[in-house]
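Asker: Take a look at the letters that make up each chain.
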Amino acid sequence: MMLLIYVLIGLAALAFIIMSRSYKLMNFFSLLHSGSYMVLGLYILSFKQLPIYYTSKNYFFMDNFGLYQATIASLIFFLASLYLDGYIWSLIRLKELNPKNIKLFYAAMNLLLIATILAFFSNNLAVFWIALESTTLFAAVLIVILNAKENIEAALNYLFVASPAMLFSFIGLILLYSATQASLKGTLDWNVLIESTKNTAASSLSSLPGPSSAYLLSPKLLSAAFIFIFIGFASKSGIVPFHAWLPSAYAKAPSPVSVVLSAVVSSISIYGIIRVFSLLVHSPAVNSISWFLIVFGVITIAVASFNMVRKTNVKRIIAFSSIEHMGIILVGIGIATRASIYWTIFYMLVHSLIKALLFFSAGVINSQYGSNDINSIKDLIKLQPLASLGLIIGSIAIIGMPPFALFLPKLMIFIEASKFSLGLFFIIIMLVLVAICAFGMFMTQLFSSVSESNAQEKIERYIMPVEMKLPIIILVVLILVLGLVIPQEIQQVLNNIVGELGL
Amino acid sequence: MMLTAILSGLSETPEFSSFSSSISSLPSALSSSLSYPLEQVEKVLPADIQISVDIIKIFLVLIILTAAFITVRRDLISMINIYSIQSFLIVIVSLAIYYSEKHPTLIYIALITLVSKVIAVPFIIKRVSKDLKIKRDVEFHYLTPTSTIFVSILILFFMYGAFSDLGLEPVHPLSRIFTLAATLSISLVFMGMIIIFTRKQTITDVIGYLTMENGVVLFSLFVAELPMVIEVMILLDLVMLILLLVLLGFGIDSSIEEFHAKLDPFRKLLGKEGEEQE
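Chains as they are written, first to last, in the numbering used here: chain D, 20 to 522; chain W, 13 to 290.
No wet-lab data here; the hints were simulated from the structure. Treat the hints with caution; some may be incorrect.
Claimed, not checked - With a cut-off of at most 30 Å between alpha-carbon atoms, the simulated DSSO-like pairs for lysine-lysine come out as follows:
1) Lys168/D to Lys145/W
2) Lys138/W to Lys168/D
3) Lys145/W to Lys119/D
4) Lys114/W to Lys204/D
5) Lys488/D to Lys119/D
6) Lys204/D to Lys239/D
7) Lys114/W to Lys76/D
8) Lys168/D to Lys69/W
9) Lys168/D to Lys76/D
10) Lys168/D to Lys147/W
11) Lys69/W to Lys239/D
12) Lys114/D to Lys438/D
13) Lys204/D to Lys69/W
14) Lys142/W to Lys212/W
15) Lys142/W to Lys119/D
16) Lys142/W to Lys168/D
Said to hold, decoys possible - Where chain W lies over chain D, by a calculated footprint (3+ residues, C-beta under 8 Å):
17) 145 to 154
18) 175 to 182
19) 237 to 246
20) 486 to 497
Glycine residues also receive a C-beta, built at the ideal position from the N, C-alpha and C atoms.
The shape of chain W in the complex, shown without the other chains:
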């Protein structure tokens, strides 16, 4: 439902309307082009696992779609909302994998993701951006939004080529979509990197970093036996994020005058304390 809302919001700005249609045709194009070699090795699976595999496929494509939206949006609030949706889709994927794998780590990851990335982080970023009085990130470096989408598609195809060449051996039932998952999640990482490269505001860079991190988490879901490490990674990255936001709050995006104004009380205090210690 929110997706359609975003879609309608997207078509409000005239220059986006031309490719919003091309984006919406992206998932079907992807699923048709990416999944066909995998179906060759497909064997008969229990029906419930088959369903979870199908669900996972659909949601993987939806996640890439959200990343595509983030790369082109200029409105900060909607970027954060889409990020929140993206994290929620990851929660659903990890639960779907849990349904067929029954690995408890997946539940923990789903929980951490739900609490931190769907609820807490978007909330904090919204607060910070309100403090910083930033609503829009209009400028793009190096790439225009249209070419960003184009580059993302190229990355998808390149990653697919690279990963189907690697010959990842299937070990458990889900490995049949391992190549698809690896392709899409690492493309997600690269799309996050594109956001960092193309955006000027630091706060949008933060969202890019978060998108990259989502890609890594998504990838690691498919190798779920990694013990405990993924949770620690998520937590560590959240601490990193808090540091980033604290730095932001201290005024990298505010003007230099404001910054000096913030610094001035410090200076006075410093002078006084310095004399005292002498």
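Next comes chain D alone, as it looks inside the complex:
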């Protein structure tokens, strides 16, 4: 029922957008679309008994984890649409966007939201795969929408990394299916799979440690399936060997799209990794897979951190920081204790908010200077005080300083890492310090470049419309508030999620 409402709202919004003539109207409908999703998500989270299953074969369901992520996603989309209202005009003014493409842009944006929501609500992992693959499609359309050869290149790069990798995921799903054929008659329904692993965990606790045949699913096959599935999902969130597409895609896409890509699309695949990993937590394969994830996470952090040094493009450095944080999240998952998963899931929320703030502020820079390169940026604080504030607070928050929201989850993940292995803790701390230095150096450079007082040409000030100011202000407040108090409701939801994942 609720799912039907979601889908109907989405289709209605899409129909209205296709019919409407001015971009103001299209923007209004996108706002309505994402806003209603947000309200619906909050309503179901607080008043309904979860999980709820849909369709006769349980292809879809709503549980705390899915709703939590879906609500965050709709919040980000809401802010992005709000911002887009002002930003799209500056894109047209800079001749980066053809006015003919505005409708396609909004349609793709809303389709991406629908695909995202369906991904978060899929119970069947194959359905999840389909939704994830369609987000690739719509995201590629959103990247390619600007009139530049670099955008086509970035989108092609994205497609040629993400879709082949997603094919590996599909192989993994088939392997998972054949792993369940003997005991569960072949299923990809997540709820059935997690129940069976929970039951095995319970039975192996109650009885004496038995032979490995007590586990319903063969650990070897399960880990092979996980590794294949991981390849595709990792490529979608830019984990290192598959990250080549990410910096150029984030840097070339229009800022609201970068926000959606880094804050939502990369979360979907991390969500998928957590879901599949939770199936392994009680199997004997968990140790090797834990190390597998941690090694990938550490490599990701390392490559991203060293790449952040001496970057000159604002959006590119934020993109690399995104990769770095995906690495930290992966380490958090790999540690696989109750606390680490709890804080990782909270980390994903905060990371989305801060990345959105940073990319929104970077978008203002693009509108002001027509470029994101540090050499063309001068007098930033004088010309764009609010964007500067957003960038400064965003960068302080993203490196994990108190009193902002990322401090606590980052600290807790590091503490869990130190419990897991002290060596791991030191390596991560060193790498994260490199990233922090690179980020700090870049920001000091950015804000210290001032034009000489007798400069001949004065840069005309870009006047930010209110629609672009609002998201930045909202995000700054949210990040600060979440840093000071984590509301009881969020803690409750996080606890429920960890319970659902069987930890």
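Go by the hints and put chain W onto chain D.
Answerer: This is chain W only, laid out in the frame that chain D set:
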């Protein structure tokens, strides 16, 4: 018949002739090395199913052979033709599996594959490549054609080792060749990936992607109870392909001047409309 035509076409270029003979000896080498442990568990089967199993084995090897051809070809048209043949072989395999399994999904997959991959996609790619004026993709990255074949063989052996180690349990009669099928189809996926890595032109990368996708479809045929999902996957990948080709048509492979020429009318239009809206 077409295969022999391709073979003769291959031997025209002198540098290929040295290993075209080694390729043609590949299938027999594979079938002998890969199928012998499976025969140990072989039980007496009804004759018709036995025949379909044999047919499937033969066609699996032929499919790998087509992939080997695609990885080394430079002529775009023949690459597309071989791809079309490869898809047709998949249609035959899925019909052969249907003969013993009687699972309706297999018929749908065969139909979709026949319509889209044997007929439509090759046709569209040929059109696009004609528009782009690309006939040959001469350059290879990282690997030469000979080493490509060599790496493919290594992948085959590695996959065989990995999959016979996994211990896939036999559930239905066809599971006896499940390990063989998994080995060959996932090797097909990896060979497609090699095509993407080693080729410079985007349109050849598209063919590599399609080969990978064929590998996944081939693998999923052997777990045919996956409901409805495989068809959706094929359709989604086709949409993805259309997007890729549209992007290509807009000129990633054409020169930057041509691209600007294409863009120029847009710019003018943009300037005009921009003024109007102000």
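Asker: Does each hint hold? Answer for all of them.
Answerer: Now the hints, each set against the structure:
no.	hint	result
1	Lys168/D to Lys145/W	19 Å, holds
2	Lys138/W to Lys168/D	23 Å, holds
3	Lys145/W to Lys119/D	28 Å, holds
4	Lys114/W to Lys204/D	18 Å, holds
5	Lys488/D to Lys119/D	26 Å, holds
6	Lys204/D to Lys239/D	18 Å, holds
7	Lys114/W to Lys76/D	22 Å, holds
8	Lys168/D to Lys69/W	46 Å, violated
9	Lys168/D to Lys76/D	45 Å, violated
10	Lys168/D to Lys147/W	23 Å, holds
11	Lys69/W to Lys239/D	26 Å, holds
12	Lys114/D to Lys438/D	54 Å, violated
13	Lys204/D to Lys69/W	26 Å, holds
14	Lys142/W to Lys212/W	18 Å, holds
15	Lys142/W to Lys119/D	28 Å, holds
16	Lys142/W to Lys168/D	21 Å, holds
17	145 to 154	holds (count 6)
18	175 to 182	holds (count 4)
19	237 to 246	holds (count 4)
20	486 to 497	violated (count 0)
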